[in-house]
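Novice: Chain residues, written in single-letter form:
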Amino acid sequence: MRNEETPYWLALAHLPRWGHLKINNLIIKFFHENKISIDEFFQLSESDWKNQYQLDEKQISDLNQAKSEIASNAFLAESFISQGFEIIPITSPEYSKTLKNNLKTTYSPAVLYVKGNKKILDEKSIAIVGSRNASETALKFTDNIAKLASVEYKVVVSGFAKGVDKQALDSAINYNGQSIIVLPQGIMTFGSGFNKYYKQIIEGNVLVLSTFFPKAPWNAGLAMARNPIIYGLADEIYVAESAENSGTWSGVIDGLRKDRKIYVRQPDTDEKNANHLLIQKGAIAVDFNGTELPRSGDQSNNAPNDSESLKETKQTILFE
Amino acid sequence: MTRQEAEIILQRTFKLSKFYDEQWLTIDKILKGERVLLIEKTGFGKSLCFQFPATIFKGTTVIFSPLIALMRDQVSKLTALGIAAKCINSEQTPEENAQIISDAKQGKIQILYIAPERQENSDWIEATRQLNLSMVVVDEAHCISVWGHDFRPAFKRIINLVKLLPTGLPVLATTATATKRVELDVAQQIGNNIQTIRGNLMRDNFKLYVIKVSSQEEKMMWLGRYMNKIPGTGILYTGTRVDTEIFSKWFEHLNISSTAYNAGLDPISRIAIENGLMSNQWKCIISTNALGMGIDKPDIRFIIHTQIPQSPIHYYQEIGRAGRDGEPCYIVLFYNPDDKKLPEAFIEGSRPSIKKYEKVIAVVKSELLGEKEIMKRSNLKQNQIRVIKADLMEQGIIREVMIGRSKKYEYVRNSQPLNTQAFEDLRKAKFDDLEKMIEYVETDKSRMKFLCDYLGDTSNHTFTNCDNTGEKRITVTVTPEWSGKLQNFWENYFPILEVESKGSHIVNGVAASYYGVSNVGAALHASKYEHGGDYPDFLLKLVLKAFRNKFGQERFDLVVHVPPTQSGDLVRNFATKMAQVLKFPISHELIKSRETEKQKVFENNYLKSENVKGAFFLPHPNEVHGKSVLLIDDIFDSGATVKEIGKYLTELGAIKIAPIVIAKTVGGDIV
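These protein sequence lines are chains C and U, in that order. Sequential numbering from 0 applies to the first sequence in numbering that gives the first Met the number 0. Sequential numbering from 0 applies to the second sequence in numbering that gives the first Met the number 0.
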């Protein structure tokens, strides 16, 4: 991508109330079908937008609003670029294929904001997720899965929350593996984190990634919205520990709905968490080493297709 | 909009009747959303080329300018015309700046001046998102180019910003001084079909003279004799800060009205002097080239250089401040072949050694650090660090990042190794420019034509405004009367040691001389490094004279001398003699409680202070308790040692500590 496109992507990627699908469909139209760049798209007349792109008045008004912000976005874009942040639009060959395959047009964010070694996005990857106040057992499991992943040159994707997320990251670093930190905030607000992982970032072992507006501060909503990105970036998903109706819980449910294979640590009988419940809902039980455990007959009879009904029709891959 | 329509608005808004053709040419393009590089001499009216369109546009025009004085000046003029103009700068309070940003977001400001460094400020970045931007102006655009005379790294980011602006948003870059090479560099960097408009740079109201001399003394004598005979008020540019002090003391000695100015002054003094310049408070202001850029005074009647600038473009820029009203003005350049050494040293010293670059790269690779931390870890001077940083950023080896509100430097992963060829090319270009400057001195043809040619303005005008083309030549004659006056001056001129600080009873002291200005330095060096024995008696006489000059008949309770780093009794013996003559008791008891390195090993003041911190010890504190102390040393450099002893003796109860030394070094602060 040309640097000059940055202010345009900043304007297009966060169109209020458009959602990923609408934005992506527009991108498909101008980039793949009409073969023009984003700046050329924004230079089209309103009548072109209306006739060629079948946009309605509300949409045209939204795009005009975005267009009026492009000049002033240049200031932010300059600050962003000069500090070594990069923007990877969905039209770029650098955009994570794993993410695109998993999230499709409906859920793929139009841009990824990153800092660090982008090549990490091409590697095989696993995500380890779980509670912020996980048990000792869950943390040990996390450490072990991160270790196994690092040995197999798989990237560990985690969400930079306390507990399991942090353990996954620290273990991957500890075992000389590679990691993607998926931020619950805009990438330009990660300040002290860049200080902490400076070495790993410049050595190419950590990629920091965010899908939110670069200056957006942390909030609970963004933390929730980040979960599908973590899942989407990973080929395999491991759940160390989840409580019922927690952030992890909704993430797993959402993943199952999207037809993802999700591995959940088989809890001991005396554990008070929802791991077992998730397994009942269709997640796959694994042991300490992440090896799949046979399903007990009891479980397979119980609510077998609970998740089936939530599945969506498969979409074709549109960004290749 | 036609020119006629525009001129009606011009009369209404700016109270001006017409545009010059080149002004209208520029404005017309700006109004059409094009990009223009405008090169016009000082006083042409470049500002109108963006101020006028800015008042036509709906949103806010942002003007990047490196000069706070100029911003202030233009804002007050625009405000007087009823145009909503403001500036954001570091000399205003954060509250003032925040208010202006908030007004801009609400569309209440048409013209907003900011310094390029503002682009590093996250509040500003945050605010820009709500700005309705109508145009971007880059003032003093030559600062973009490393081939210019005043490259500023912060401008690099402004160029990157301009590149990110959408097509159709007008951009104007202006400068009064750009050679062809700089012009092409600027145009290429801004890109996007920028068009260049270049006016003629000739100033026929200048009377240009070169006075060849063979010493600093001859310059001083001529100036002493003729300064008051030159009409009007003006500026005397010297090569160094110390020279501003020496010339101003010399003028003071001769009762010539003057004041000294340099970049090291605090903002309040600087503004006071700038205002004094505007109101002709002094016959002349003696300054380094830090003064004048952006000062809009129409009637500066003379500009005299005691030292040749680095290049004709520096020279043109500096003399360009004279005679904006078009009335005659005197432009004088002194030249002593020895003067070449200073710009040569500047060029040679403008880049630290490659080893130092590598040191900084290694330090930055190891950790994310700020400037001070890099200084500490690499033992390099701040100005060296700044040069290295700028070069490494230019080459994409490090970058500046904001961690919260603090600036840190980050190594760029997979960056190319240091390219030293680029430095070599620049160094060569600078030496070529210096050669050109000397050609200006030596030429027997029109000096104005020489400058115009150099700047790429190929006018065919016939000039008769210099000492080669009709004006009288000036030579200096040394008379016994003036030699005597100068001798008398040197014997009564003693540099002050500025060391006073809060919480310490140390007072400002005095040196007998500057190291290097007279024969004092040579004598010190002979004793210290060439086994020349004790310091000679003439130094004792001179220091005693400095003592009387500064402290009069004041009595001190005790003489203490600085203990040496290595064995050697030079200072001890010297202090003993001083104490004998002054009849003050002396103590030899102050010792070092731990080994210290020689101060000159350390390149920056942090490390110098740390080197001597807590390093002194007096076994019997009663010796100084309640007493006034005369503290003697031979050479005063950063002052860190003297200050540390002052602090220590204060803790022991000394009521006053007054330092006196043989020589004060000229130090690293040149401009």
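If you are wondering where the hints come from, they were derived from the structure by calculation, not from laboratory data. Here a beta-carbon is modelled for each residue, glycine too, at the ideal position from N, C-alpha and C. Hints are supplied without guarantee of correctness; some may be wrong.
[To be verified] Restraint-style ranges between C-beta atoms, simulated for each label pair:
{"id": "1", "chain 1": "C", "residue 1": "Asp38", "chain 2": "U", "residue 2": "Lys17", "range": "50 to 58 Å"}
{"id": "2", "chain 1": "C", "residue 1": "Asn50", "chain 2": "U", "residue 2": "Asp424", "range": "28 to 36 Å"}
{"id": "3", "chain 1": "U", "residue 1": "Lys364", "chain 2": "C", "residue 2": "Asp47", "range": "31 to 39 Å"}
{"id": "4", "chain 1": "U", "residue 1": "Asn131", "chain 2": "C", "residue 2": "Asp38", "range": "40 to 48 Å"}
{"id": "5", "chain 1": "C", "residue 1": "Glu270", "chain 2": "U", "residue 2": "Arg404", "range": "55 to 63 Å"}
{"id": "6", "chain 1": "C", "residue 1": "Lys139", "chain 2": "U", "residue 2": "Asp424", "range": "58 to 66 Å"}
{"id": "7", "chain 1": "C", "residue 1": "Asn33", "chain 2": "U", "residue 2": "Glu423", "range": "46 to 54 Å"}
Novice: Now look at each hint and say whether the structure bears it out.
Specialist: Here is what the structure says about each hint:
no.	hint	result
1	C:Asp38 to U:Lys17: 50 to 58 Å	violated, 39 Å
2	C:Asn50 to U:Asp424: 28 to 36 Å	violated, 54 Å
3	U:Lys364 to C:Asp47: 31 to 39 Å	violated, 50 Å
4	U:Asn131 to C:Asp38: 40 to 48 Å	violated, 20 Å
5	C:Glu270 to U:Arg404: 55 to 63 Å	violated, 44 Å
6	C:Lys139 to U:Asp424: 58 to 66 Å	holds, 59 Å
7	C:Asn33 to U:Glu423: 46 to 54 Å	holds, 49 Å
In this structure, the earlier hints numbered 1, 2, 3, 4, 5 are contradicted, and the remaining ones agree with it.
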